[in-house]
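Given only the sequences and the hints, what does the whole structure look like? Please build it.
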Amino acid sequence: MTAAPAPPRTDVVALARDLAPTLAERAAAHDRDATFPHENLAELVSSGYTAMTVPAEHGGPAVSLADLCAAQRILAGACASTAFAVNMHVHGLAMIARVGGESAGWACRAVLDGAVIAGGFSEPGVGGNWWHPTTRADVVDGGFVLNGRKGFFTGYPGATHLFLSAAVTDDRGLPEPVAFLIPKPEQGVRVTAEWDAAGMRATGSHSLALEDLFVDARWAVGERGALPMLFMLGVHWAWCSFASCFVGIARAALEHVVRTQRKRVISVIGKPNAHLPGIQFRIAEMAAKVAAAEAHLDAAIHAEHEDVDPLTHYVDMSVMKTSVTRLAHEVVTLGMQVQGGSGLASGDPLQRMYRDVVAGLLVPPATDVVLEWAGKQALDVPIFAEPRWEG
Amino acid sequence: MSLSGPVLDHAAAQARVAREAYATAVRCVAGGPAARLPGPQFAVAGMRAACDTMTALLDRTPDTLAAACTAAIFVDEAAERVVAAAERLLAHDPEGAARLVELRRDLRVTPPMSDDRCRELAGKAALGIEFDATPRWL
Chain A
3 MTAAPAPPRT
13 DVVALARDLA
23 PTLAERAAAH
33 DRDATFPHEN
43 LAELVSSGYT
53 AMTVPAEHGG
63 PAVSLADLCA
73 AQRILAGACA
83 STAFAVNMHV
93 HGLAMIARVG
103 GESAGWACRA
113 VLDGAVIAGG
123 FSEPGVGGNW
133 WHPTTRADVV
143 DGGFVLNGRK
153 GFFTGYPGAT
163 HLFLSAAVTD
173 DRGLPEPVAF
183 LIPKPEQGVR
193 VTAEWDAAGM
203 RATGSHSLAL
213 EDLFVDARWA
223 VGERGALPML
233 FMLGVHWAWC
243 SFASCFVGIA
253 RAALEHVVRT
263 QRKRVISVIG
273 KPNAHLPGIQ
283 FRIAEMAAKV
293 AAAEAHLDAA
303 IHAEHEDVDP
313 LTHYVDMSVM
323 KTSVTRLAHE
333 VVTLGMQVQG
343 GSGLASGDPL
353 QRMYRDVVAG
363 LLVPPATDVV
373 LEWAGKQALD
383 VPIFAEPRWE
393 G
Chain B
139 MSLSGPVLDH
149 AAAQARVARE
159 AYATAVRCVA
169 GGPAARLPGP
179 QFAVAGMRAA
189 CDTMTALLDR
199 TPDTLAAACT
209 AAIFVDEAAE
219 RVVAAAERLL
229 AHDPEGAARL
239 VELRRDLRVT
249 PPMSDDRCRE
259 LAGKAALGIE
269 FDATPRWL
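Note that the protein sequences, when read in sequence, are chains A and B.
Counting in the working numbering, the first sequence runs from 3 upward without gaps.
Counting in the working numbering, the second sequence runs from 139 upward without gaps.
Hint data in this document are derived by calculation from the structure and do not stem from the laboratory.
Do not rely on the hints blindly, as some may be mistaken.
Covered, in the sense of this in silico footprint (three residues per stretch, anywhere, with C-beta under 8 Å from a C-beta of chain A), are these stretches of chain B [as the list claims (entries may be wrong)]: (1) 162 to 172; (2) 177 to 185; (3) 217 to 228.
No more than 25 Å apart at the CA atoms, straight line, and that leaves these computed lysine to any residue pairs for SDA-like [stated by the list, open to error]: (4) Lys273(A) / Ala204(B); (5) Lys265(A) / Lys186(A); (6) Lys273(A) / Ala271(B); (7) Lys273(A) / Arg255(B); (8) Lys273(A) / Asp254(B); (9) Lys265(A) / Asp270(B); (10) Lys265(A) / Glu268(B); (11) Lys265(A) / Gln339(A); (12) Lys265(A) / Arg274(B); (13) Lys186(A) / Asp115(A); (14) Lys265(A) / Pro273(B); (15) Lys265(A) / Arg255(B); (16) Lys265(A) / Arg157(B); (17) Lys273(A) / Phe269(B); (18) Lys273(A) / Trp275(B); (19) Lys265(A) / Leu276(B); (20) Lys265(A) / Asp214(B); (21) Lys273(A) / Pro273(B); (22) Lys273(A) / Asp270(B); (23) Lys265(A) / Glu215(B); (24) Lys273(A) / Thr272(B); (25) Lys265(A) / Trp275(B); (26) Lys273(A) / Ala222(B); (27) Lys273(A) / Arg198(B); (28) Lys273(A) / Phe283(A); (29) Lys265(A) / Ala204(B); (30) Lys265(A) / Ile267(B).
If you want the ones that stay clear, here's a sample from chain B, every Cβ over 12 Å from chain A, calculated [stated by the list, open to error]: (31) Leu141; (32) Gly143; (33) Thr208; (34) Arg237; (35) Val239; (36) Leu241; (37) Thr248; (38) Arg257; (39) Ala271; (40) Arg274.
Backbone N, C-alpha and C define an ideal beta-carbon position, used for all residues, glycine too.
This is the structure in structure tokens:
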């Protein structure tokens, strides 16, 4: 366990506001050194933040998706890496809890005791097609043996538990994707590359090799082959919370640039840059894109999530994530233009935001797959038809 | 009289034009061979995404001049992008192209406030500068 947890909090938005200034103070150093923010995670656990998605029936505060996203936006504006790392935990637990059953019960109890979940569905060579895990799960007495590779295992250094995917081969030779939540093992998982990237540098998104990793049968989440349905029906927790992190960066970038331009005085004009029309026009474009991104996210948060067609729900949420993260990236790019050369200096947090926000374009779902699926859906073309395209 | 109403009304009209351009593109492409090509699929998906964002934004924009101008800036650009994408997609479809000529004309209806004035007001609002401060700049 990373820290002794406090009783769960329902007011996570206020809690995020309380925690944000300290996280912001530490963000530059963790970004510079590519170190995992263990102390931030410990504070999120000890304050009760990490228990936010434990359902009421398991003794948790059952925070709404709207509050989760609002809180994550605040954290991301302070330290995007910390927000994104803990995002794997809060949305992952919400999805596990949604499945119900024994795995939900023990996962929630563990989180109330201070457990932290890191998630790993991405794999080299899968290219965002998370529903086709290449990690193999062979059935053995009492459980499974997993072999494969995982990329971008965000939050790994601070995790006590790993939420990951693999595929069992059925009697017909067909893969049955399945999810597991396992206590972080002593053996069977090897870090093949520590995270060292241009952006989101403090997320500890290591690459892992799973080597003859024994997983007890009781750590399976849902039935064999149920992973795609589990994910599609709970996808609002994933994609809305992902989008929140990047909207949080965009909003923070706008506020930072506004603050700077209101103060910065160029001697030849003798007044703050904010009075220049070009600055006003670009700030207006930033504000417009932030408002649009926040609105699209809000619409997705408050859309129907239960009585839905799984594939339509997945496409709707994916279209939102794709649009919102693109807008967030445009906002910060505009911010760099407003800020000028000083925005590139290491002392300006805008350069970190600029590197962090790019990740929004790259994290799942893969943009091209979203466009393909949404396009096919609109044009009444079966999404999984083969050949994939004709012509 | 407040201009926020007319500014929002104009933006809503532009969003409706964009939605109709998207619907036209879908109607003309669906069921034909182009529907199974990646380019048209990606194009209509991009249109749909932009329309969804415009709708969400207009549904949530408060009735103030600054908010209306801020929303109008986004909708103006997004609607233009949607209609242009539909024009490219249906360039060789006589029926679709004819409909898009009408929609392009509708999109060009003179706004109640110029783009530049919208940008000025939205920018000043974000920067905390009074709209009627003098001198207007510097």
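Going down the list of hints, with the structure as the test:
1. 162 to 172: holds (count 5)
2. 177 to 185: holds (count 7)
3. 217 to 228: This one is violated; 0 residues, fewer than the three required, reach chain A with a Cβ under 8 Å.
4. Lys273(A) / Ala204(B): Given pair Lys273(A), Ala204(B) holds - Cα atoms ~23 Å apart, limit 25 Å.
5. Lys265(A) / Lys186(A): Violated: Lys265(A) and Lys186(A) sit about 49 Å apart, past 25 Å.
6. Lys273(A) / Ala271(B): holds, 14 Å
7. Lys273(A) / Arg255(B): Holds. Lys273(A) to Arg255(B) sits at ~21 Å (cutoff 25 Å).
8. Lys273(A) / Asp254(B): holds, 22 Å
9. Lys265(A) / Asp270(B): holds, 20 Å
10. Lys265(A) / Glu268(B): holds, 16 Å
11. Lys265(A) / Gln339(A): Satisfied, since the Cα-Cα distance of roughly 17 Å is no more than 25 Å.
12. Lys265(A) / Arg274(B): The given pair, whose Cα atoms are some 18 Å apart, holds under the 25 Å limit.
13. Lys186(A) / Asp115(A): holds, 15 Å
14. Lys265(A) / Pro273(B): holds, 19 Å
15. Lys265(A) / Arg255(B): holds, 24 Å
16. Lys265(A) / Arg157(B): violated, 42 Å
17. Lys273(A) / Phe269(B): It holds: about 17 Å lies between the C-alpha atoms, which stays within 25 Å.
18. Lys273(A) / Trp275(B): holds, 10 Å
19. Lys265(A) / Leu276(B): With a Cα-Cα distance of about 14 Å, the restraint between Lys265(A) and Leu276(B) holds, given a limit of 25 Å.
20. Lys265(A) / Asp214(B): Outside the cut-off at roughly 31 Å; violated.
21. Lys273(A) / Pro273(B): holds, 12 Å
22. Lys273(A) / Asp270(B): holds, 17 Å
23. Lys265(A) / Glu215(B): violated, 30 Å
24. Lys273(A) / Thr272(B): holds, 13 Å
25. Lys265(A) / Trp275(B): holds, 16 Å
26. Lys273(A) / Ala222(B): Roughly 41 Å between the alpha carbons, so the hint for Lys273(A) and Ala222(B) is violated.
27. Lys273(A) / Arg198(B): This hinted pair is violated, its Cα atoms lying about 35 Å apart.
28. Lys273(A) / Phe283(A): Status holds; Cα separation ~17 Å.
29. Lys265(A) / Ala204(B): holds, 22 Å
30. Lys265(A) / Ile267(B): Cα-Cα ~13 Å, so holds.
31. Leu141: holds, 16 Å
32. Gly143: Check passes; 18 Å lies beyond 12 Å.
33. Thr208: The assertion about Thr208(B) is violated, with a minimum of 5 Å to chain A.
34. Arg237: holds, 17 Å
35. Val239: holds, 23 Å
36. Leu241: holds, 18 Å
37. Thr248: Correct as stated: the minimum Cβ-Cβ distance to chain A is 20 Å, above 12 Å.
38. Arg257: violated, 4 Å
39. Ala271: violated, 8 Å
40. Arg274: violated, 8 Å
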